[in-house]
Amino acid sequence: MSDRGVGAAGAAQVGGVPWPARDPVALGLPVSFDLPVVGHLDALADLAAGAGYLEWRRYRHAAALHTELVMPEEDRDERAVDAYAQCAARIATALSVSQYVAERLLDNAVALRDRLPRVFECLRDGVVSPTFIRTIVSRTELIHGRPYQGLVDADIAAALRKPGSWSTARVRDLCDQMVYRRDPDAVRERREEALKGRCFFTEAGLDGMGTVGATMSAERAAIVARVVERLASQVCRHDSRSKGARASDALFALVKHAPFGCDCGRTECAFQVVDADEVAATAARIVIHVVTDTTTLTGPVPANTTPAKNAAENAQSEAHAQARDVDTAAAAAEQVVADEVVVDEVVVEKTTTEETTGDAVAAGTVPTEERAAEEAAAVEAAAVEAAAAEPEPEPELVDGVGFVAGLGIISGAHVRYLAHDPDTLVRPLGDGTDTPLPATQPADPYRPSAALDTYIRARDRYCTWPGCNTPAWDGDLDHITEYDHAHPERGGQTSATGLGAKCRFHHLLKTFGDFVDDQYDDPGHPGRIVRTVTIPEGRTVLGPAHTGFDTHPGLDMIVFGDPPATRPPSPGTEPTRPAPRTEQKHARRRQERNRNRLRNNLNGIRPPEPDDAPPPF
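Heads up, the sequence shown is in this note's numbering, so the first residue is 1 and it goes up one at a time.
None of these hints come from the bench; they were simulated from the model.
Wrong hints could be hidden among the right ones.
Below 20 Å or equal to it, Euclidean Cα-Cα: the simulated EDC-like pairs (lysine to aspartate or glutamate) are [said to hold, decoys possible]:
(1) Lys-510 <-> Glu-482
(2) Lys-162 <-> Glu-141
(3) Lys-510 <-> Asp-556
(4) Lys-162 <-> Glu-193
(5) Lys-162 <-> Glu-203
(6) Lys-243 <-> Asp-421
(7) Lys-196 <-> Asp-474
(8) Lys-162 <-> Asp-522
(9) Lys-162 <-> Asp-474
(10) Lys-256 <-> Glu-219
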């Protein structure tokens, strides 16, 4: 019996050296934990990239086991406990994990090796976090074995390598976008099957609890959620229940047609009894925002599937421009396709002409009769060959996508289904011309116009803070540079570049903390935005790498007019301060206290306990 691999519990046996005993310098790690705040953050960022590399090696070893143990048997293995299960069992035993966890590890490893090799390289290079790998693998299962599998892999990898930050929702939307636009017919069929399979279920839980659930179309799920959230919000701030508990009670009240009320017990509470039926009756006024473009509304467009076209698309993927070649105006898409077809025909005709001319020149020394006979035979053979040739395959269809606020990407077929619903209101953003849209409300330059409000939320899609998944439609619009109500011309104007979507938490964090965000036009891509967030210690992080521009590039062609001009101060009047001197002094002191408090908290220093006695003034 071999004792290889047997050792102390929890001790890493790779190379025979436990991890704590390894030289940190050799691993590129800091020797000491006595670092400034920025040093700790730099180390965390470096360790995140290192975790990606270690995860890549883990998947490589799992894939190697699959190659050695499973692939020789998988085509003919009909055992109940087949080679795949036994391979996963080896992993589960070695790592002391469940069979399910081991099989998922093996699934991810095989998918990355065979279906997503370029995404696999992104994991190796620390470009994508290991936490996103399962999302990418699961959302791309439908492309396995398809001819465009390599293109989707290249598209996702190219997007992941763009500068910027990612969140789970943005990675999910990226994968869905790349799959849906490549496979409109299959997505439509799967959606029809999914609709047939919608269901309702209940499950018994622990401690006398149970679970109720239902599967339905995305838009219906959004409506149900909004109705429940609307009723659950009908409480005062003294309600003792969590947000989830209130939603659970609200759902039961809607089903039972029972009253819903606040549990604060205060006689003066205005929410003691709320009519659930009355709240549900207003569901018709609940708006589900779906963002799409005119190309998607008109249907899929044919794409050239020749090798030359595929090579061109691969080149575009490497240049991070693949996502912009479909979601354009319908006329532009048709023109691109027409141009490509014409080019292919010209190439074919040119090649045929050159070959015929070459043959004629080379045959100049052959007698006329023999040359004529050879030409006749060649023509006859070409005719027979053309007759026997298979018909040209149907052109591949490339479809656009839509975006449902809070739910993510939906297919073009789903968008067109919603567009034909009589309850749907299609509201174009702009009139299709170069006329600038109004940026602010006429009577208040601080408030964005309805068009700008919609544009910002469609452009940002989620809170623009790195890593946040809160939908932009559920958050605030924040002036990146604080709006100067006394002198708007000094900065912080209400414009497309000056506004960004933020959830309430990150809006408050930016407003009352020492975090500084910035947003400006991308000099390399007109109409696009570069975002940054700087933490109090000075480290700067790029904003989202994937936004509405990547899903619907036509957004960068929408322009807004300049904010209304402000009246200059009347000449001859004495200048005044924006605030009294004492108020400015107290504001500076508050800011300094906030900075000191934040630094102390980061350094583990607790603030002094407050005195019970009132201050002597």
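field: Satisfaction of hint between Glu-482 and Lys-510, Cα-Cα up to 20 Å
entry: 11 Å, holds
message: Between the alpha carbons of Lys-162 and Asp-522, is the straight-line distance 20 Å or under?
response: 13 Å, holds
- prompt: Does Lys-196 pair with Asp-474 here, judged by a C-alpha cut-off of 20 Å?
  reply: 31 Å, violated
- prompt: Between Lys-256 and Glu-219, is the straight-line Cα distance small enough, at 20 Å or below?
  reply: Violated, at roughly 23 Å.
- request: Verify the proposed pairing of Lys-162 with Glu-203, using a straight-line Cα cut of 20 Å.
  value: Status violated; Cα separation ~43 Å.
- prompt: Taking only the CA atoms, is the gap from Lys-510 to Asp-556 under or equal to 20 Å?
  reply: 26 Å, violated
task: Starting from Lys-162, check that the Cα of Glu-141 is at most 20 Å away, please.
output: Roughly 23 Å separates the two Cα atoms, so the pair is violated.
- request: Mind checking the alpha carbons of Lys-162 and Asp-474 for me, to see if they're no more than 20 Å apart?
  value: This hinted pair is violated, its Cα atoms lying about 27 Å apart.
- prompt: Regarding the pair Lys-243 and Asp-421, is the alpha-carbon distance no greater than 20 Å?
  reply: Not satisfied, since the Cα-Cα distance of roughly 33 Å exceeds 20 Å.
message: Hint check: Lys-162 vs Glu-193, CA-CA at most 20 Å. Holds or violated?
response: Violated - the C-alpha atoms of Glu-193 and Lys-162 are around 36 Å apart, more than 20 Å.
The structure does not agree with the numbered hints 2, 3, 4, 5, 6, 7, 9, 10 stated previously, though it agrees with the rest.
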